[in-house]
Amino acid sequence: MEILVCVKRVPTVGGAITLTADGRSVDTRMSGFTISPHEECAVEEAVRLVERFGGSVTVVTLGPVAAEEQLRACLALGASAAILLELVPGVEAGPVATAAALFSVAQFSVAQQSVAADGGFDLVLLGNEASDTGDYQVGIRLAHLLGRPVATGIKSLSVADSGESVVASRTYRGALETFSLPLPCVVTVKEGINLPRYPSLPGRLRAKRAAITRVPVSPEPEGLRMTSLRVPDAPRQQATVLGHGVAAVPALVTALSELGVIS
Amino acid sequence: MTVFCLVETDDGAIIDASLRALTLARGLAADGLAAANGSNGGPVLAAVVFGDPPTADLAAYGIPDVYAVSGIDGYAPQAWARALGGLLSPEPAPEMAGHAVVVAAGTDRGNEVLAHLGAITRLPMAANCTAAVDNGGALEITRQRWAGLLLEEAVFEEALFEAPVALLTVATDVVSPVPADELTAVAVHAVEPVLAEGDLAVRAVETSAGTGGASLATARVVIGGGRGVGSADGFAPLEELAALLGGVVGVSRVVTSEGWRPHTQQVGQTGTKITPDLYLACGISGAIQHIAGCSGAKNIIAINTDPDAPMMTRADYAVVGNLHEVIPALVAALRERAAP
Chain A
1 MEILVCVKRV PTVGGAITLT ADGRSVDTRM SGFTISPHEE CAVEEAVRLV
51 ERFGGSVTVV TLGPVAAEEQ LRACLALGAS AAILLELVPG VEAGPVATAA
101 ALFSVAQFSV AQQSVAADGG FDLVLLGNEA SDTGDYQVGI RLAHLLGRPV
151 ATGIKSLSVA DSGESVVASR TYRGALETFS LPLPCVVTVK EGINLPRYPS
201 LPGRLRAKRA AITRVPVSPE PEGLRMTSLR VPDAPRQQAT VLGHGVAAVP
251 ALVTALSELG VIS
Chain B
1 MTVFCLVETD DGAIIDASLR ALTLARGLAA DGLAAANGSN GGPVLAAVVF
51 GDPPTADLAA YGIPDVYAVS GIDGYAPQAW ARALGGLLSP EPAPEMAGHA
101 VVVAAGTDRG NEVLAHLGAI TRLPMAANCT AAVDNGGALE ITRQRWAGLL
151 LEEAVFEEAL FEAPVALLTV ATDVVSPVPA DELTAVAVHA VEPVLAEGDL
201 AVRAVETSAG TGGASLATAR VVIGGGRGVG SADGFAPLEE LAALLGGVVG
251 VSRVVTSEGW RPHTQQVGQT GTKITPDLYL ACGISGAIQH IAGCSGAKNI
301 IAINTDPDAP MMTRADYAVV GNLHEVIPAL VAALRERAAP
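Residue numbers (my numbering), protein chains in the order written: chain A, 1 to 263; chain B, 1 to 340.
These aren't lab readings, by the way, just hints derived from the structure by calculation. Wrong hints could be hidden among the right ones.
[As the list claims (entries may be wrong)] Examples of chain B residues toward chain A, derived with CB under 8 Å: (1) His-116; (2) Ile-120; (3) Gln-144; (4) Arg-145; (5) Trp-146; (6) Leu-200; (7) Ala-204; (8) Val-205; (9) Thr-207; (10) Thr-218; (11) Trp-260; (12) Ala-318.
Note that the structure is a prediction, hence the values are computed from the model and not measured. Every residue gets a Cβ at the ideal spot worked out from N, C-alpha and C, and that includes glycine.
Given only the sequences and the hints, what does the whole structure look like? Please build it.
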């Protein structure tokens, strides 16, 4: 089974998000970088499937050269090939351009080492949404470009022993929604689908030496144009302290009553 | 301009997230009407629903037209998108004038259907908007990045927007659902969609998730537990309190990473965004990814041993103390209060 996993380099956000002086991007001078928890789970899911069915995991990202750090982290977890769709630093690709760039890779056949008419990968996995821009659409746009079925927000994925179909499910408003899809297909996953492993030492060493394929990309401008970013105002005042320890319980009961939670 | 709003229903009533979307859509339609000096000759605001139209709710929200799509059994995202797309062509709505905006709730389904519509039509889509203004032809929106920790101001490029359609979903935790000032008579238009091959290939089969129907996303009371709970067993008093208050338990990311509770209960950027009347956060320090998931709560009470924890300063009310002492005492007090 040949699996493509799409990931994105994003800043590690700790205390608060701060912006650059021009207000057009997140200030990352003091932050590390990572991929989102959804994508860590996508990589783990892919590695587990290849352990079961054979084949290989290819990981791809669209980003600056520095995103090789995230590709190597994925290689350390068990991906065997990595592709960097390289953006000039500072250039952001929107969701339409991102799907188009990923499409160019998703058509590639690992076995034939060329572009295959029916696409080379049995399964393309993405995170449900990127943790920074949160566009909620790249996986679906990619699936339409490929002409393949897609399921999104998936928290349980089960591939038939034949390797020909998958059953994917998620919870929605307290009910379980289950989708059946033929392979090849596209699936976007969410954190919770599995518990990702830690990289092994041999994995890290292999990742350090691995060659990464680099392809320059110039994204087209999007129909939705960002004009500025801002951090929302802190909405609340200082909390009213109801008390300390069990002595606060009567005040807590009064507060619950005033809020209408108890009658 | 016509504003279409995809409406999701549950047991015949419009879900909270869709009521928020309808509120934003109604404001946008009023903008458009004002820009066109009060008449553009066509419907300006219409709901789209799959299945039976919830006319009472639509009347209360001032939605004069509803397109009721039949013939699609259950939830099939691409088929829903195709049906929505069919409304945008002149055939079913010949009186439609000018451009259109399609609005949906920023739910798993709403974002998914509009992304399909964007892919089918090659139109841009803005996910999880908190505001939208029709500024005389240019559609300006504010949308959430980082699950709402950052806001993006953006504009649908005029060259694109003049001609066809803008797609946007509405954040589930910011715009408040507000009924219209007065009831509106609702005209129902039956629609039989024209689907393309493969549109029904992916469809949901719904079964109970075994949660007894209680859903974190829609609960009115959420009792939150974090690292301070300390163990899987430590959640028993929180469960007891949740049952007393008619709520459900939600947890922080560390709790699911430790395997104390299932991931379905995780509140936050990569879990569920909640919008309860009360979030009672126990032993949760308040990482910003968690705050992103609970900032839609109307009221927050935090219980923590550390008075300077971000969750404590972010809350409306705070109790400085050990949750393992405070929660059992609160449960006892509530039981005593309820006793005759």
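Supplied contact hint for Ala-318(B), tested at 8 Å Cβ to chain A: At about 4 Å, which falls below the 8 Å cut-off, the nearest Cβ of chain A leaves the hint on Ala-318(B) intact, so it holds.
Proposed interface contact between Thr-218(B) and chain A, which counts if any beta carbon pair is under 8 Å: holds (6 Å)
Interface hint compliance - His-116(B) to chain A, C-beta minimum distance less than 8 Å: Result: holds, 6 Å to nearest chain A Cβ.
Proposed interface contact between Thr-207(B) and chain A, which counts if any beta carbon pair is under 8 Å: holds (5 Å)
Hinted contact Gln-144(B) with chain A - closest CB pair below 8 Å: Check passed: Cβ of Gln-144(B) comes within 6 Å of chain A, closer than 8 Å.
Given hint Trp-260(B) near chain A, where the shortest CB pair must fall under 8 Å: Status violated, d = 13 Å.
Restraint outcome when Val-205(B) is required to lie within 8 Å of chain A by C-beta distance: holds (5 Å)
Interface hint status, Arg-145(B) versus chain A (Cβ within 8 Å): Interface hint status for Arg-145(B): holds (6 Å vs cutoff 8 Å).
Restraint satisfaction for Ile-120(B) [CB to CB of chain A, less than 8 Å]: Since chain A brings a Cβ to about 7 Å from Ile-120(B), closer than 8 Å, the hint holds.
Hint validity - Ala-204(B) Cβ closer than 8 Å to any chain A Cβ: Holds - the Cβ of Ala-204(B) comes within 8 Å of chain A, reaching about 4 Å at its closest.
Trp-146(B) as an interface hint toward chain A, with CB separation required under 8 Å: Since the shortest Cβ distance to chain A is 6 Å, the answer is holds.
Interface hint compliance - Leu-200(B) to chain A, C-beta minimum distance less than 8 Å: The hint is violated - Leu-200(B) has no Cβ within 8 Å of chain A, the shortest such distance being about 10 Å.
Hint compliance for this structure: hints 6, 11 are broken, all remaining hints hold.
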